[in-house]
Amino acid sequence: MSDLLELAESIFGDAASNDTGFDAKLWRTLAETGLARLTLPEEAGGSEGTLEDAAVVLTAAGAHAARVPLAETDLLGGWLLHAAGVPLPDGPLTAVAGELEVDGTTVRGELRRVPWARAAAGVAVLSGGHVVLLDPGPAEITEGTNLAEEPRDTVAVDGPAAAVVAAPDGAAAELRLRGALGRSLLLAGAARGALAAGVRYAGERVQFGRPIGRFQAVQQQLALAAGEVAAASAAASAAARVAADAGFAAPSTRLAVAAAKSRTGEAAGAVARITHQVHGAIGFTREHDLRLWTTRLWAWRDEDGSDAEWNADLGATVLAAGPAGLWPLITG
Amino acid sequence: MTEDGPVTATLHRLPDLVPPPTELPPRTAAVRAEVRAFLAEEQAAGRWTPRADVWLSGWDERFSRELGRRGWLGMTIPQEYGGRGASALDRYVVTEELLAAGAPVAAHWIADRQIGPTLLRFGTEEQRQRFLPGIARGEVYFGIGMSEPDAGSDLAAVRTRAERVDGGWELTGTKVWTSGAHRAHAFFALARSAPRDEQQRHAGLSQFIVLLDAPGVQIRPIPLLTGAHHFNEVVFDRVFVPDDMVLGEIGAGWKQVTSELAFERSGPERFLSTFPLLVALVGELAGTSGAERSAREIGGLVARLWTLRRMSLAVAGSLESGQAPELAAAVVKELGTRYENEVIDVARLLVATPPDPGAEAGFARLLADAVLHAPGFTLRGGTNEVLRGIVARGLGLR
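Heads up: the protein sequence lines correspond to chains A and B, in order.
To get our numbering, take the position in the first sequence, counting from 1, and add 13.
To get our numbering, take the position in the second sequence, counting from 1, and add 147.
Next up, chain A with everything else stripped away, as it sits in the complex (with noise of 0.2 Å):
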């Protein structure tokens, strides 16, 4: 294990619950380590962590259902804040691609299903050309949550902004890759998170005098479940990779992001199924600890482009491409 692996498995292993709601104290102990702001450059307060590096956090997050900003402060909204030049607030943040009225620095309008938004130090809004840090303490916040009870929310704003700049170039595509990716690692460690439910509870629920386990009819279900974990983890890892390497200009990236996040939704609902059927009716109650993972596979694989919205826009790709050019694209 490498020492960021294992102290990303070591802060969110402590951290589990199955409450609801931000975690303020598991902030405060990813603020001081670093790991909250991990790609961001010093100058940002960030570590100057890769791509990678912040694979490994998300996807030790989303396998032990962390309830957290994670993403949305170091992968979203500070790099947007920090890419526009605009000076980062302390603490957690979140982004949203959204239409705002801009006249000079007092902004209008309302955003919809904003992450995290209640718990938020600031709100990154990309909007047309502008880059605007919204305040959200004079914000109005009706709150919402995804299947997961993690916030959603409506935020109307009418009135000064905290900041208002230009966006940078490319700002709009970048944020939704950006997105995609972050929520494709979440995905992938939900995933693993679920099988390692699913494997426990197979060796210690016993029925007809044996751990259920030990039927051939159960272990194909966590095996092909097993195999959905693994390709999840790998698109998503290499979409990591990818970008890492290539940039989020490059086609190689929008192509391996779009497959990533396709693939980790189609996986999401492969392993939420299985899981939900090797533990029987005690998986389907509030006590149990199942839905912690389950209910974000859910509500995470219609998060930042479906894989039904991605499967389209690479569909287009490569019908636009032909049949010459389909191998050239996968091999790209």
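Simulated from the structure, these hints should not be mistaken for lab results.
In this text, a Cβ means the ideal position worked out from N, Cα and C, and glycines have one as well.
Treat each hint with caution, since some may be false.
Incomplete in silico selection of chain A near chain B, CB under 10 Å [stated by the list, open to error]:
{"hint": "1", "residue": "206"}
{"hint": "2", "residue": "215"}
{"hint": "3", "residue": "232"}
{"hint": "4", "residue": "239"}
{"hint": "5", "residue": "243"}
{"hint": "6", "residue": "250"}
{"hint": "7", "residue": "258"}
{"hint": "8", "residue": "268"}
{"hint": "9", "residue": "269"}
{"hint": "10", "residue": "273"}
{"hint": "11", "residue": "276"}
{"hint": "12", "residue": "327"}
{"hint": "13", "residue": "336"}
Given the coordinates of chain A, work out where chain B should sit on it, guided by the hints.
Same frame as chain A, but now just chain B:
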């Protein structure tokens, strides 16, 4: 967290299901470009037509020799034995280009994929000198003699006997499903050199290099359901194998055979068997009015293919660094061979053209071949059920 206890301990016990990502070294871009140009030239000259499942059915000795002439066979074999001493990742690039093009690779396939590496690992100096140069030239072809009428998934049940005789061994028994035995020069036969011991079922097995024109070897076709002749039954009636044709150690057959499985199970041939059909499918759809509607299904296939290739490359990188990621290799084959079937399912959904085994080429012919060959994908080299059993063992369930 609950009465089951925290999942953290189980999480940490889960095996690595896939090695870390591997990027191909930049030098491989040159050989990829050369292979692509060569394949385009061959196709333009009409020397062969792209087919599905070419590593079973595309036997073309001229093509194999041509690859050998260009240094693209036995690439990992050291120069002293006629190879290039290249890395497995260089070979990976050449192999995936050949398969993606649907080129006829069956003649040299087994020799290039596993006989060469196995001889390098377990063969004697004399055996290497004798066979490796011909393998690298694309002139010497091999088969694999493992399965028997009563030993399929349960390989340890092989009954072919090897009896000690003066100067060597005498083999008696029957091997089945031996691809290309009617055209190959030799094969590796797994036989029982000591009586079966129920307590140690994997003991007492040995591997022998058997020349397929040796006295006492009878080869009979086992036609596929299409009638095509690829499989054979190979019957030994007291076939003499001299001591210098024993492969590796007597009694170590099981260990030798299973040590190659990670190579055999994780290569691009485990997910590219129907790739030429996918290319034809894109050709049918591109530029048509239905293209937009089909984009989602095509995108789904491409996402899975991209992922499988990344998994397969990760295993190749891990093998190259000296590990034996058998679990990950089993996963690649299990997912990859199901994917080969999914290409057929999607092609049928999106294009109304029925399969036509009599067509010369194109979508209808590729679909026909893919459908008729599909049952083999999830059987050969370890059935998917056996592979899932291996994964379940890796998870600690058995």
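Going down the list of hints, with the structure as the test:
1. Because the smallest distance between the Cβ of residue 206 of chain A and any Cβ of chain B comes to about 7 Å, under 10 Å, the interface hint for this residue holds.
2. Checking residue 215 of chain A against chain B: minimum C-beta separation of about 6 Å stays under 10 Å; hint holds.
3. Annotation: interface hint on residue 232 of chain A holds; nearest CB of chain B at approximately 4 Å, less than 10 Å.
4. The beta carbon of residue 239 of chain A comes within 5 Å of a beta carbon in chain B, closer than 10 Å, and the hint placing it at the interface holds.
5. Given hint, residue 243 of chain A at the interface with chain B, holds; its Cβ is 4 Å from that chain's nearest Cβ, closer than 10 Å.
6. For residue 250 of chain A, the interface hint holds, since its Cβ comes within 10 Å of a Cβ in chain B; the closest pair sits about 5 Å apart.
7. Interface restraint check: residue 258 of chain A against chain B, minimum CB-CB distance 7 Å, threshold 10 Å, status holds.
8. Taking 10 Å as the C-beta contact cut-off toward chain B, the hint placing residue 268 of chain A at the interface holds, the least distance being around 7 Å.
9. The interface hint given for residue 269 of chain A is met, as the beta carbon of that residue sits about 7 Å from the closest beta carbon of chain B, less than 10 Å.
10. The criterion of a C-beta within 10 Å of any C-beta in chain B is met by residue 273 of chain A, whose closest approach is roughly 8 Å, and the hint holds.
11. Residue-level restraint check for residue 276 of chain A holds (minimum Cβ-Cβ distance to chain B is 5 Å; threshold 10 Å).
12. Hint status for residue 327 of chain A: holds, given a least beta-carbon distance of 3 Å to chain B, under 10 Å.
13. Taking 10 Å as the C-beta cut-off, the interface hint given for residue 336 of chain A holds, the closest approach to chain B being about 4 Å.
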